[in-house]
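These protein sequences, in sequence, are chains A and B.
Heads up: the first sequence runs through residues 1 to 750, numbered per my numbering.
Heads up: the second sequence runs through residues 1001 to 1135, numbered per my numbering.
Think of the hints as simulated: they come from the structure by calculation, not from any bench.
We put the CB at the ideal spot given by N, CA and C, even for glycine.
Check each hint, because a few of them may be wrong.
Unchecked claim - Using C-beta positions, here's what the derived DEER-type ranges look like:
{"#": "1", "chain 1": "B", "residue 1": "Phe1086", "chain 2": "A", "residue 2": "Arg695", "range": "29 to 35 Å"}
{"#": "2", "chain 1": "B", "residue 1": "Gly1071", "chain 2": "A", "residue 2": "Ala26", "range": "41 to 47 Å"}
{"#": "3", "chain 1": "A", "residue 1": "Ala558", "chain 2": "B", "residue 2": "Leu1004", "range": "53 to 59 Å"}
{"#": "4", "chain 1": "A", "residue 1": "Ile669", "chain 2": "B", "residue 2": "Asp1054", "range": "53 to 59 Å"}
{"#": "5", "chain 1": "B", "residue 1": "Leu1016", "chain 2": "A", "residue 2": "Ser53", "range": "52 to 58 Å"}
{"#": "6", "chain 1": "B", "residue 1": "Arg1002", "chain 2": "A", "residue 2": "Leu539", "range": "46 to 52 Å"}
{"#": "7", "chain 1": "A", "residue 1": "Met592", "chain 2": "B", "residue 2": "Arg1002", "range": "32 to 38 Å"}
{"#": "8", "chain 1": "B", "residue 1": "Leu1089", "chain 2": "A", "residue 2": "Arg171", "range": "34 to 40 Å"}
{"#": "9", "chain 1": "B", "residue 1": "Arg1002", "chain 2": "A", "residue 2": "Leu651", "range": "22 to 28 Å"}
{"#": "10", "chain 1": "A", "residue 1": "Glu583", "chain 2": "B", "residue 2": "Arg1002", "range": "41 to 47 Å"}
{"#": "11", "chain 1": "B", "residue 1": "Asp1054", "chain 2": "A", "residue 2": "Ala675", "range": "44 to 50 Å"}
{"#": "12", "chain 1": "B", "residue 1": "Leu1089", "chain 2": "A", "residue 2": "Met592", "range": "52 to 58 Å"}
To be verified - One side of the interface only, derived from the structure: several residues of chain A facing chain B at Cβ under 7 Å:
{"#": "13", "residue": "Ala626"}
{"#": "14", "residue": "Asp628"}
{"#": "15", "residue": "Leu629"}
{"#": "16", "residue": "Leu635"}
{"#": "17", "residue": "Gln646"}
{"#": "18", "residue": "Val647"}
{"#": "19", "residue": "Tyr706"}
{"#": "20", "residue": "Arg708"}
{"#": "21", "residue": "Ala720"}
{"#": "22", "residue": "Ile727"}
{"#": "23", "residue": "Val729"}
{"#": "24", "residue": "Leu730"}
{"#": "25", "residue": "Ala731"}
{"#": "26", "residue": "Val737"}
{"#": "27", "residue": "Tyr738"}
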Amino acid sequence: MAVTRASGAAAPVPPWVRAVPLIPLALFIAFAARIASVASGAVWTFSAPWAPSLGLALTFRLDGLALLFALLITGVGVLITAFATSYLAGDPRLGRFQLFLLLFMGSMLGVTTADNAILLFIFWELTSISSFLLIGFDHQRKEARDAALEALLVTSGGGLALLAGLVMLGRAGGSFEISEIASVSGHPLYMPIVVTVALGCFTKSAQTPFHFWLPSAMEAPTPVSAYLHSATMVKAGVYLLARLAPALGGTATWTLLLGITGGVTMLTGSFLALRARDLKRILAYSTVAALGMLVLLLGVGTREAAVAAVLFLLAHALYKASLFLMAGTIEYDAGSRNVDELGGLGRAMPLAAVVTGVGALGLAGFGPILAFIAKETMLGSLLAAPTGAIAVTALLLASAMLTAVAVTIGWRLFWGESLRAPSGGAIRESKSLIAAPLLLAIASVAFAIVPAWAAAIVAPAASSVTGVWAALELHLWHGPGMPLLLSAGSLLGGLAIHFGLRRFDLAAATEGFVSRGPQRWYGWSITALVDGSARFSRLLQSGYLRSYVKIILVTVIALVASTMVKSGIAPTRQDWDEVRFHEVVIALVIMMAALVAVRSESRLGAVAALGVVGYGVALMFITFSAPDLAMTQFLVETLMVILFVQVIYHLPRFVRISPARTRAIDACISIAVGAIMTVFVIIAANESVPNDAARFFAEASYREAYGRNMVNVILVDFRALDTAGEITVLAIAAVGVYALLKIRGEAPGT
Amino acid sequence: MRSLILETATRFLAPLLILFSLFLLSRGHHESGGGFAGGLLASIAFALHLFASDPKAGREVLPVDPHVLIGAGLLVAFVSGAIPLFGGLPLFTGLWIPPASGTTPHYGSPLLFDIGVYLVVAGITVLILHTTAEE
Chain A
1 MAVTRASGAA APVPPWVRAV PLIPLALFIA FAARIASVAS GAVWTFSAPW
51 APSLGLALTF RLDGLALLFA LLITGVGVLI TAFATSYLAG DPRLGRFQLF
101 LLLFMGSMLG VTTADNAILL FIFWELTSIS SFLLIGFDHQ RKEARDAALE
151 ALLVTSGGGL ALLAGLVMLG RAGGSFEISE IASVSGHPLY MPIVVTVALG
201 CFTKSAQTPF HFWLPSAMEA PTPVSAYLHS ATMVKAGVYL LARLAPALGG
251 TATWTLLLGI TGGVTMLTGS FLALRARDLK RILAYSTVAA LGMLVLLLGV
301 GTREAAVAAV LFLLAHALYK ASLFLMAGTI EYDAGSRNVD ELGGLGRAMP
351 LAAVVTGVGA LGLAGFGPIL AFIAKETMLG SLLAAPTGAI AVTALLLASA
401 MLTAVAVTIG WRLFWGESLR APSGGAIRES KSLIAAPLLL AIASVAFAIV
451 PAWAAAIVAP AASSVTGVWA ALELHLWHGP GMPLLLSAGS LLGGLAIHFG
501 LRRFDLAAAT EGFVSRGPQR WYGWSITALV DGSARFSRLL QSGYLRSYVK
551 IILVTVIALV ASTMVKSGIA PTRQDWDEVR FHEVVIALVI MMAALVAVRS
601 ESRLGAVAAL GVVGYGVALM FITFSAPDLA MTQFLVETLM VILFVQVIYH
651 LPRFVRISPA RTRAIDACIS IAVGAIMTVF VIIAANESVP NDAARFFAEA
701 SYREAYGRNM VNVILVDFRA LDTAGEITVL AIAAVGVYAL LKIRGEAPGT
Chain B
1001 MRSLILETAT RFLAPLLILF SLFLLSRGHH ESGGGFAGGL LASIAFALHL
1051 FASDPKAGRE VLPVDPHVLI GAGLLVAFVS GAIPLFGGLP LFTGLWIPPA
1101 SGTTPHYGSP LLFDIGVYLV VAGITVLILH TTAEE
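The task is simple: from the sequences and hints, build the whole structure.
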């Protein structure tokens, strides 16, 4: 069971949590009030500046397509939050759960109403994040955490591609407002745009070969599966493809890419649904198939296909959400989700049998429900399309497999026999859980009986996809014709498959093939990623100060030396003549002290020698008239010696641990750094480039900042922000040092 | 090991060093010095005291926790940078109090900022000195 039912000791849920469904309800009413005006062609827009310098604006736009999605998101949202209130009744985490659901709902509304491409992307990523939180809701279970991570990695990986695609689209189309972008099919960037945008949409909408994350996501509590992973979020990819169809569609590339991907996904999904045994997984795979159908239809590009896509989207959301909720209800009441263990539930759960039956009719696309109209329209549009024959064949095949699945779910679970041991104990129907799926089923039927209602929502949405406004009339009964004939054919095929599979173990027969699928590739790539990062980190982050210093110094040598060689600068005779005698003396003293520090047999000697090096450098600063630097250097050196003296008794024995070879390499590196920096400084000191910055500071420091000490004026006034950053870093480092010393001091037994 | 000479000398030297560090801080805008050097010098005064006495006494001579010095310093520095924001000016714009006589103002937000730097640097160094001394 995905959600552990709360024990009696759980803290009670505050009463306001029960009122959460009112939020989507209010939004739903607000959106529903706009149906009439949107149907007459009106578009509601809202815009506010956000980051004008980056071309970012908070622009929202409610047209037909956005309204359809908004109604679905809020309408299904009401039922899901209401269902969750009963499903998680008594669970102390209900409040958190509803919060995540609302977070998702807001993000998804943002995706479908945003007109600015970057804004849309931000909401898009937010849906991935809220989906991650919801799949991993039961975070104590490893499966849930893994599934959440898997969904996040796949969808946000595609999200990165999408971001690139949207940026290119904005460049190519001349605007980041999607409504202002005309077709970019002639632009040189067209191909990369289509590929990256499609990658984003395909991962989000679980197209093959990325379909594997969706069934894994069934680890989520059932309301989540019903809401995110069938009715709304997984359709975000479909939504974006539909939204961008006017800008990107109408080319052979578009049709082929979407047609082939959608077709393959449709067949993969329905086949995998057929062999799955877990009720939620079956539904997940059938959702994959439905998403494939939608992508296929969007690839066709005709108005009929657009109508069919939008209609099917609506129909699918209604029946699939209801089926998912029923799956949760069945599990809640009968204690199992395995279709082989379930059977004959009809007597104990009559209402559930009816509601599930309506949903199963939707899956099969037959009967007096909206899905039937959608399927007829789909077949009609594909028959009329130029290369429709292959698509129609694939659709019929997929449809037949889904019909077989529908018979299992809608008939055998309730009126047939269990294939294995029947679930024991008396089963009681939870009436409170059935309310939400029942409403969805009623909507499904009502739309079919009064198709004008569906047409009022579908027509403007289809117009957003095609970019051309046109009226639409829908009928439940089209009269006998090719689509009906084909539909009947797929129904018969489905029945044949269903009864054929009773004597054939499909899952076992195809296990070897399926287990080599994309799920396994995902596992490999994650393992490779983790191993690779670990290896890379070990290489760079050895934990030894000496190797960090070595890496830094070698990098400095390489960069400075290569630049000097490339630009051919070398110190001239004159440069060397500029070196004064006392500078040479100081340099020699520093070098001697360094040598003593290296050769010293005692730590105190080495520390003292290092102090001499530091004082020598400070003297050098004085000769180059930098008293501030020199003063600070003196103080720092003094403090260093004090600190060394304080800790000297706590340090390990002073011994040479490196072998001779390492020491030789270290010596070479040190000498090279010293030599290169010396040459570099000698060249730089005599370079007489016109230095505007120096002159500016010299003039402005007194005139504008009222200070004669240029160094200090730069530190506290001109570049105060930098200094502020530096002291912040210092403070953080000090806290780190303090913590390390304290932890070491307090650790027991050390 | 305590040295009477060092202890006695410290009694006079440490306050002088603190005073000198404040002098460095105050002259920094025109002559060599400033908050950074001043803060370091102040911490050396405390280091001296630490050597002359024991860690506990060394800590008690400073009436506040060095952590507080660091936090206060950061606060002063950032507040001095944020003050111009209230006048609609960019962050860290130097603001000066007009002088009573002459044309060069002496007190302004950059001085406040330097005081913040002084406090942070002194606080950090004293914190590390005290913590290592306790080991």
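Could you check the structure against the hints above and give me the numbers of any it violates, in ascending order?
4, 13, 15, 23
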